[in-house]
Structures are given as structure tokens and as C-alpha cells.
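Chemist: Go by the hints and put chains B, C and D onto chain A.
Each chain, written out:
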Amino acid sequence: MNPLIPLFVVIPLAGAFLIMILGRFFSELNKYLASLILLILVVISIYSLINTGKNLSLYKVGGWEPVNKIPIGIYMVMDGFTVIVLCIINIIGFLSAFYSIAYIKRYTAENYFYALFCLMVAGMNGVVLSGDLFNIFVFLEISVISAYALVAFGVEKNELEASFKYQVLGGLASFLILFGIGFIYWKTKTLNIADIKQVFSSGYDKNFYLFVQILILSGFGLKAAIIPFHAWLPDAHSSAPSPISAMLSGVLIKAVGIYVIIRLFFNMFDLSEGMSVLITTLGTLSMVIGVFLAIGQWDIKRLLAYHSISQMGYVVMSVGIGMILLSRGVTTKIATLAIAGGIFHLVNHAAFKSLLFLNAGAIEYTIGTRNLKEMGGLAKSMPATSATSFVASMSISGIPPFNGFFSKLIIIIAAIMAKFYLLAILAVIVSIITLASFLKFQRYAFYNQRQYPKEHGPKEVPFPMVFSMIVLSIVCLLLSLLAFPGIREAFLTPAIDVLTDPLKYSTSILGQ
Amino acid sequence: MKGMTLIVKKTTQLIAGMIFMYGIYVIVHGHLTPGGGFAGGVIIAGSLILVTLAYGSDFLKLIKEEAGTTMIESLATIMVILIAVSGFVFGTKIFFNNFLPKGIVGHLISAGVLPLYNIFVGTEVAASIFIIFLSLIIFKEESTQ
Amino acid sequence: MELAISIITGLMIIGALYAIHAKDLLSSVIACGIVGYSLVICFLLLKAPDLAIVQIVVDTITLIIMVAVVLDSSREELYSKPDTQGFITTVTTVLLIMILLYFFIVSIQSLDVLGTSSLRMAKHYIEGAAQKTGSANLVTGVVFDFRGYDTMGEAVVLVTAVLGVLTILRLKGKK
Amino acid sequence: MIAYIMCFILFFVGLYGVITRRNLVKIAVSLSIMEISTFLFFALVGYIDGGVAPIVDPSDPVKVYVDPLPQALVLTAIVIGLATTAMLMAVIIRLFRKYGTFDIREIKNLRG
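Those sequence lines, one after another, are chains A, B, C and D.
Counted from 1, the first sequence has number 88 at position 88 by the numbering used here; the numbering is strictly sequential.
Counted from 1, the second sequence has number 552 at position 40 by the numbering used here; the numbering is strictly sequential.
Counted from 1, the third sequence has number 741 at position 84 by the numbering used here; the numbering is strictly sequential.
Counted from 1, the fourth sequence has number 868 at position 36 by the numbering used here; the numbering is strictly sequential.
I should point out that these hints are in silico values taken from the structure, not numbers from a laboratory.
Treat each hint with caution, since some may be false.
[Claimed, not checked] Straight-line C-alpha distance at most 16 Å; calculated EDC-like pairs for lysine to aspartate or glutamate:
hint, chain 1, residue 1, chain 2, residue 2
1, C, K829, B, E654
2, A, K459, A, E364
3, D, K930, B, E654
4, C, K829, A, E156
5, A, K333, A, E489
6, D, K930, A, E156
7, A, K504, A, D270
8, C, K780, A, E65
9, A, K373, A, D299
10, C, K829, B, E653
11, A, K105, A, D205
12, A, K333, A, D501
13, A, K333, A, D497
14, B, K652, C, D729
15, C, K680, D, D935
16, A, K206, A, E156
17, A, K380, A, E460
18, C, K832, A, E156
19, A, K105, A, E489
20, C, K680, C, E734
21, D, K940, A, E156
22, D, K895, C, E784
23, A, K206, A, E273
24, A, K157, D, D935
25, A, K54, A, D501
26, D, K930, C, D729
27, C, K789, A, E65
28, C, K831, A, E156
29, A, K54, A, D497
30, C, K831, A, E460
31, C, K680, C, E733
32, A, K54, A, E364
33, A, K157, D, E938
The shape of chain A in the complex, shown without the other chains:
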């Protein structure tokens, strides 16, 4: 029983309600309160990242001990993979909240913004920490409902339309997930992930298993915007206020989409080759189609949103390669490498994509447009934005020594070692197209000459925004250290161990 685990959910929830109540009396308090709450969460999550290591700690909510090794309460689980995702959520959440102090001033009803922001963080923390299928669904609903509202925060035509699309597709996904949970309960009569694994290990019907897997994959795939299900993502991510775009793109699609898919397919279902090939194909398709859709975009945030699809494709493809290898039961070392590449890229993507969205927000804040054709020459007037966006652009396109390079390198090496040459070549080509696309962004936004009217000329954005961007760019540089031996063993390896060993998760949970 690790007493820190429930704090991840309780602190932001209590914070959200405190903001609603106190914000009524002290109108200036809410923004600092939100940042403070998230700062506390950052401290706790880094503390747990250092302390967890290879251990798996458990929290039985309500103190219900298992009877005959069958869990009857809800379990919260924290292991190596969880803490990494928790760190991403809370660090990016803190920086976005701090950035919002300046950015969200232009909107009305700041109270609602910060309260919904805290609820979204609470929901994501709950999803990541949960060890129970239905609990995942409940917390997923908290985070996506607050995301629906935050996408529509500007209440103009575009925002509302994006929010409607997101709600319809999100609702569809929720019912698919709920149906999948019902199916699993029908067969296993239990909801605990570890216990379900236990029940499935004593035999199952193949057709049923495939059907459930497809329901779950399409449900969470819709939330993660993998390619046939991507229709909502570009609209939602480009219409939301920029700190929210950073949260959606940097964290939400990972925490409620990719993370859950990886967790369930590695730790709850048995790996099967057909399903692994399907997942790899979907990942590859996302990677390629996403980048081609991104080329023609002139709206910065839409461009970034399509790149999100493409970069998540890298993650899914790489993890999928690992799944194929594991399901064949040979060459575990390469599988470990592929999964490591995927998770490493997931972390990196969170850092640089949120940084890019914050940059886009800063540009929009200053000159009031998102169209690349209408901007230019910002490098002189906005040095901090320009420098940080350069770091992020180079990271996402995989230029050394930034973090994106190392993760893409690991993914490509793993693909070559696993003899998936086509996928490796595709990964390289997509990376080159990404580079071209971001060079375009850099050139049009920061280096072209353009005359602005003298009195409304662009200036550097206020301090909170600059602070968040600089911290994130430093994080981008520091994350490349994760690739090196010594540090990798300390942080990445525990996460991969949980995934690669098929029975470790369930036996260590049921054993406690």
C-alpha cells in the first residue's frame, strides 16, 4: 500500500472544486492556485519516478483485501510504465497551466477554464493509475468531457463545430469501450485487469477473443486518433486554446489512447500475431498518411495536429513491431529495443509537440493569426519563441543532438534488426518529409521579411509564456540523455520489463 497513489487523483479534484469556490471571492487567485496544485503533483510524480524503479506498488481502494486471491475492490497500480506517463502528464500540465496565466486572460470565465483543466488532469491521472477496467472508463469520461468543454472554450463557430465532432466520435468510442467491458465481464465475471489475465490464461474461445480485441482497439483507437479514426483530431486540436492544444496533443491522446492500448494488449490480452500485425499496420498507415496530410496545411496548428497523428504512428508502429516479435516468441532482445523506442518516442513527442503548440499559441497571441502566409520575420522581435521553436522543430524532425533523433534512431534500428526493412525505409522517408515541413514552418514564420504596422508590431510574449517554453526546450534537450546507458536502465528499462514479461504484471498484483 503506497499512500502516495491516491494523491494523484485527490489533489487535482480537490483543487478543481477549491478553484470553483474560492475563485468566486478572489478573482485573481484561481490561476496561481491551478499552477500550485500542478506543481505539487509534479513534485510527487518525480519523487515516485525516482523511487519506483522496478517495484510495482499497489493501492487497494477501500482496503478490500482479495478473497481466495480474487480481488474484490478497485486496485490502483503504479509501476515503471505508469510513472513515466504520470510524469509527462503532470509536467506538461504544470507548464501549460503556467502558460495559461498570461494566455487565457483574453477569454471570459477563467474560473471554469482552470477548474476544467484540473479535472482533465485528474481524469488522466486516474486512467493511468487504474488497475480496473470500468474505473478506466469512468476516469476516461472525466478527462474527455472536460476536453470537450475546453475545446469549445472560445465559443465561436469553429470551436463549437470541432467540439461537436469530437463529442460524437468520442461518444461512439465510449460506447464501444463500454460494450467491450461488458463482453469481458460476461466471460470472466471480473473487472480487475490482472484477474482477467488470470481467467483468460485458462482458455478462451478464439472468435470471442478476437471480437473483444477489435472492440477495445477501435474504442481506444478512436480516442488516440489512429488513422482510420482520426477525423476529429485536426479540428479539435487546432480550434482549442493553445495550452489546451498542447495538453490534448501532448498528453491526452497518449494517456487515454496509446497508454491504455499498450497496457491492455500487453498485460491483459495474450499477444497474438494477427492482432500485432493489425496494430503495426495501423501505426504505419498513421505515420505515412498523417505526414502527407500535413504537407499542404498553412494553418500552423492544423499542421502540428496532422504531425501529431504521424508521430503517434511512429509510437504505435514501434510497439507493434515489439508485439509481433514477442508473439513469435523469438528474439526478445530486439522486441525490447522496439518497445523501448516506442515509449521513448512517446515521451519525446509529449515534450516537443506541446512546445510547438505553445509556440503557435505565442505567435497567435502576438500577431493574431495562425496562417503561415500572413506572418514572417518574427525571429527578430520574438527571440525566445523563435529559439524554442527551432529546438522543437529540430527535435520533431530528428536532427541530432535533440531528443527526437535518438528515439527515431532506436525505432529504425529495431525495425532493421527485426528485418522489417520496408517499415524502416518508410520511417526514414517520413522523417525527411517532417523535416521539410518544419523548415517551411521556420522559414515562413520566423525568417521571411514582412512589414508590420509600427504601433502594433510584434513583441515578445509575457513572462509566464516565455518561462514555459524555455523550460520545455530544456526538457527536450535533457530527454536525449535517456538514450544513454546508465540513465536508460534507471528509467526506461523498468517500464519495458512490465510490458515484455507477459505474466509478471498479473502475478505480482495477485500475489500482493
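Modeler: For chains B, C and D alone, kept in the frame of chain A given last:
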């Protein structure tokens, strides 16, 4: 929004109070009979909505206040969390622990903290649903002006 | 039992089809409400009185909200002349649904038939539940004690929705 | 099995509505039909022949109860469904005020 006819208003006067009481009954007996915090809360919200529909929103003189409306349900939810955390603090250091004595099955005052959860969840649900309804009406009035 | 449920579900399907194809939005919304009310009968037949109470009141509230929205705007279903794109969408959807339905029927063959469920997790909720939670109503016991954490999440979902509705219904977004 | 199949057909009727309808309110109605079928599915899963409603009567113990867990799950899911419906209706009325129509083909500022 205008109210309805006199007959409807009089009937509502008679019925709404009873529906409200029935909601409270369902909440309080949640651990003994079917129903509970959710059902009772929605019933209470239903009685309030009935009054609003019958008398019209002109009668209530609604003004939208920026952050005031969510006060009650924020407070109620924070009470739920507080009870959960109080299990954490006073009980056996466990989140969501039912730390009060259980009493005798079938009595009104039994089952530890469950009736308290029922009451606060009921309050929260009633407040939330009524606010959703009111905000739709207020939006309608504001946007037609 | 199974027959009764099937007949009611069949009626619900007819209601749902009417709700989807009705010319008048008000009748569509009300048909949807009727489908919801039929669910209450199913719940009663399936020995779930708690669900029946919650469903009947929640369905009423949903119906009120939907009717308020429809009456406030337009009741007319859109005039749609039969176009090829719509036809293709319909045919693909129906085909997809046929395939999925076949797949569903194949995949449920190995599962428990209706009424012969054996318990695993819930067995310990029923055995001595009255002593464990002190609650005579087992569903309340499960909702607030064994799975109280879920219920807190659910209350928070409702609050989130309220905040969301208030956020969306602001008249002015930017100062 | 026939009850489960009917329940699944109801789910697909909702899915069909979401995909083919062009009216915002019809889409919301279809989503709530899907929701209803999901609740029915959970209730079916929990049913046990000869079981009684899960309420303990201390004076008359030892009976077969139906499974209380799916009922608890549906209780949670119903309220979540109410929350999502309310959000959806709020956005729909907002969109109607902006565009003056429920037609999804005319609401396409964003290409995408």
C-alpha cells in the same frame, strides 16, 4: 419563458412538494430499499424543474451570475471527497474506507458512511441537473434579447 | 423470460428505427424517450429495481432537455433528396453492420446463455455483504463501498458536465 | 442468446443512425439509442434465472440474488450518459444559434 395556465400552476403546487419529499425519502432509505443518491437526486431535480416549467422563468427573475451557480454542487462534491479522505485520516489510513460502525442491517441508521454518501451525492446530483436545465433556459432568454 | 425480453427489445428496435427516420424532430425525440421507457420494463423483468428507478427519472430529464432544445429551434427534418453519396453511405453501413452482426453471433456461442451466470468477483459482494457493508441494498453496497471510487468519479463526471454546459453556453468567449 | 442478439441489433441501429443521418438532433438521438442498448446488455449479463432483486431481507435469508455488480456499473453509466447528452445538447443549441440550421452538411467551416 412564460408560465402555464392556472390549473397547471395549482396542480404543480400540490404535487411538487410531494415529489420533493419522495426524493428525500428515496435518498435517505437508499441503503435499505431500491434507489439511492442518484435516483433521489434526479427526482428532487425533477420537482424543481416541474415548478420552473409551470411558473415560467419570468417568475424566478433569473439572472446569470458568473460563478455563483455551481456553489452548492461544488460544496457537495467536496464533502464526498472529504468523507473519502476522512476515512484516509481517521480510519485505518485507507482511502474510501467505511470507518463508521455498521449497525444492524435493516435499520435506518446503519451501514456506516453509506447514508452520508447517499445524502451528499443526492444533493450534488439534484443541484447539477437543475443547473444544467436552468443554464439552458437562461441561455435561451439571453440569446433572444 | 428470454422471450419477453426479446419481444420488448424488438419493439425498442422498431421505436429506434422510427426515431431515426421520423420526419418531425419532436416525434423523433419522443420516440427515443419511449425506447428509454421500454428499457425500464426490461430492467424490472431482469430484477433490477434500482436501475429502473434511475432510468425512469433520468430518461424523463433527458427527454425534457431534448424537447426544450427542439422546441427552441427547428422541428423540421431536413429535406434530403436521394443522392448517390448518401445511398453509398447507407449501403456500406448496412453491409458493415451485417458483417459485424455475423461476427457477433459467431463469437458469443461459447459464452453463458442468459440466466446461467456464475459469479466470480460479485460472489464476495453477495456472501456476507450485509455484514461487510451493513447495507441491505446490495447495489448501494457495491456502488458506495466496494466500488465507491467509481462513484466518486461518476459524481465528478456530472460536475464536469455542468461546468462544460456553463462554459459552452457563455454568450461571449473573448473579452 | 436471442435477447443478446436483439440487444446488439439495437446497438447497430444506433450506429447506423450516427453514420447516415445528417441532422444534429438525429445524431444525438442515435447516440442515446446506442447508450440504451449498452445498458440493456449489462443488465442481461447480470441476470440469473430464479434470482431475486439484490436486496437482503434479514428475516428471510438464503436466496439466489442476481448479480449486483453489472447493476452498479449501469447505475454509474446512466449518469455518465446523462452528462454526455447534456453536453451534446448544449453544443447543438449553440450551433443552431450560430448557423440557423441542423444540417451537418452546412456546418463545415473546418475541412477535415
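Chemist: Are the Cα positions of K832 of chain C and E156 of chain A separated by 16 Å at most?
Modeler: holds (13 Å)
Chemist: Check whether the Cα positions of K54 of chain A and D497 of chain A lie no farther apart than 16 Å.
Modeler: Given pair K54 of chain A, D497 of chain A holds - Cα atoms ~8 Å apart, limit 16 Å.
Chemist: Does D497 of chain A sit within 16 Å of K333 of chain A, going by the straight-line distance between their CA atoms?
Modeler: Since the Cα atoms of K333 of chain A and D497 of chain A sit roughly 11 Å apart, the hinted pair holds (cutoff 16 Å).
Chemist: Is K54 of chain A close enough to D501 of chain A, meaning Cα to Cα at most 16 Å?
Modeler: holds (13 Å)
Chemist: Check the hint pairing K789 of chain C with E65 of chain A against an upper bound of 16 Å on the C-alpha distance.
Modeler: holds (12 Å)
Chemist: Measure nothing beyond the straight line between the CA atoms of K333 of chain A and D501 of chain A; if it is 16 Å or shorter, mark the hint as holding.
Modeler: Distance ~12 Å between K333 of chain A and D501 of chain A Cα, so the pair holds.
Chemist: Run the distance test for K680 of chain C versus D935 of chain D: straight-line Cα separation, threshold 16 Å.
Modeler: The given pair, whose Cα atoms are some 14 Å apart, holds under the 16 Å limit.
Chemist: Taking only the CA atoms, is the gap from K829 of chain C to E654 of chain B under or equal to 16 Å?
Modeler: Distance of about 11 Å is within 16 Å: holds.
Chemist: Straight-line Cα separation of K780 of chain C and E65 of chain A no greater than 16 Å?
Modeler: holds (14 Å)
Chemist: Check whether the Cα positions of K829 of chain C and E653 of chain B lie no farther apart than 16 Å.
Modeler: holds (15 Å)
Chemist: Are the Cα positions of K895 of chain D and E784 of chain C separated by 16 Å at most?
Modeler: With a Cα-Cα distance of about 11 Å, the restraint between K895 of chain D and E784 of chain C holds, given a limit of 16 Å.
Chemist: Quickly compare the C-alpha distance for K105 of chain A and E489 of chain A to 16 Å and report which way the hint goes.
Modeler: The hint is violated at about 43 Å.
In this structure, the hints that do not hold are numbers 11, 16, 19, 30, 32, in rising order.
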